[in-house]
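J.: In the order they appear, the protein sequences are chains A and B.
If you count the first sequence from 1, position 26 lands on 26 in the working numbering, and the numbers rise without skipping.
If you count the second sequence from 1, position 10 lands on 10 in the working numbering, and the numbers rise without skipping.
Keep in mind that a hint or two might mislead.
In this list, chains with the same sequence are indistinguishable; a pair is considered to hold if it fits within one copy or across any two.
[Claimed, not checked] Quick list of in silico lysine to aspartate or glutamate cross-link-like pairs, DMTMM-like style, CA-CA up to 25 Å:
1) Lys155 <-> Asp142
2) Lys119 <-> Asp73
3) Lys119 <-> Asp142
4) Lys119 <-> Asp77
These aren't lab readings, by the way, just hints derived from the structure by calculation.
Protein chains: 2
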Amino acid sequence: MDLILRDLRTGDRSALERILLASAAFSAEEVAVALELIDLGEEPVADGYRFVVAERGGAVAGYACYGLVPLSDGCYDLYWIAVDPGLHGRGIGRRLMAAVEERLVRQGARWLLIETAGKPEYEATRAFYARVRYQEVARIPDFYRLGDDKIVYGKRLDRRP
Amino acid sequence: MDLILRDLRTGDRSALERILLASAAFSAEEVAVALELIDLGEEPVADGYRFVVAERGGAVAGYACYGLVPLSDGCYDLYWIAVDPGLHGRGIGRRLMAAVEERLVRQGARWLLIETAGKPEYEATRAFYARVRYQEVARIPDFYRLGDDKIVYGKRLDRRP
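Bound conformation, chain A alone:
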């Protein structure tokens, strides 16, 4: 089934909320933050949060949210990426990442960074970032809590073959 990668639309919120809640990776607090960004993303402003939404057979299948790091001139953070748990293993996450990277390369971005946690629940998430060729660029031990490191993955977008 074809995958469409498109901008965020006002009607996407409830489908994205369902996907975030269905995802084992996110706490209630994290879902609340993700939804706040979606609400901000529906009123686009310069240098605000940006979105790519994956749609499959007319239904929202996942999304990615990213934005420019304040005070930087070409460094972006991936704030959120989520795919409907019923559609994992079909390469939708990989397509979302590629769509974000393509948009950023076109506008001359230098870095796409992803902050994540070292806790066991994020094992699959970290394996995903490694598969799509992100490297660990920083790690701060016991950052979130004892035993839960902060890890920053990154990919240079201005030095691709």
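Given chain A's structure and the hints, the job is docking chain B onto it.
T.: For chain B alone, coordinates are given in the frame of chain A:
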């Protein structure tokens, strides 16, 4: 002359603005961000921005601003530290850092982190962090712009001799 280390007061804003503008280290954009945090700090909320103000002979001599990292249970960021340029070299910055650390140790904090930039204008700032025993815990090359790295300095507060 004695130094008093105290909480932020409503009347401090204009003195702090003068100190920030007089400091060669900060751009106009950075001063604006610092003042926004001061305005927020005057209306204290749980887990908001916190301040230590240094007062000398009845006049504000400098300040530090810090806060809990969202989603962490004991990791703090030092957002800002500034001392009146006419009063540099008297250990006021060191006293401000020590006051912040003491407050955090008392409440069981684990980390105090400081994000800064690798640009030459910040050389003196980085030397100051090294003098007060902060170590580089992460560095992302070309983060702010080409040639201007992001550097994170840190001190563990739960493992002191």
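J.: Could you run down the list of hints and mark each one as holding or not?
T.: Here is how each hint holds up against the structure:
1. Taking identical chains as interchangeable, the C-alpha atoms of Lys155 and Asp142 lie at most 25 Å apart whether they share a chain (24 Å) or sit on different chains (12 Å).
2. Taking the shortest Cα distances, Lys119 and Asp73 sit within 25 Å of each other only across copies (14 Å), while inside one copy they are farther apart (31 Å).
3. Within a single copy, Lys119 and Asp142 get their C-alpha atoms as close as 10 Å, which meets the 25 Å cut-off; across copies the closest is 28 Å, which misses it.
4. In this assembly of identical chains, the alpha carbons of Lys119 and Asp77 lie at most 25 Å apart whether taken from the same copy (20 Å) or from different copies (21 Å).
Every hint, counting from the list given before, is met by this structure.
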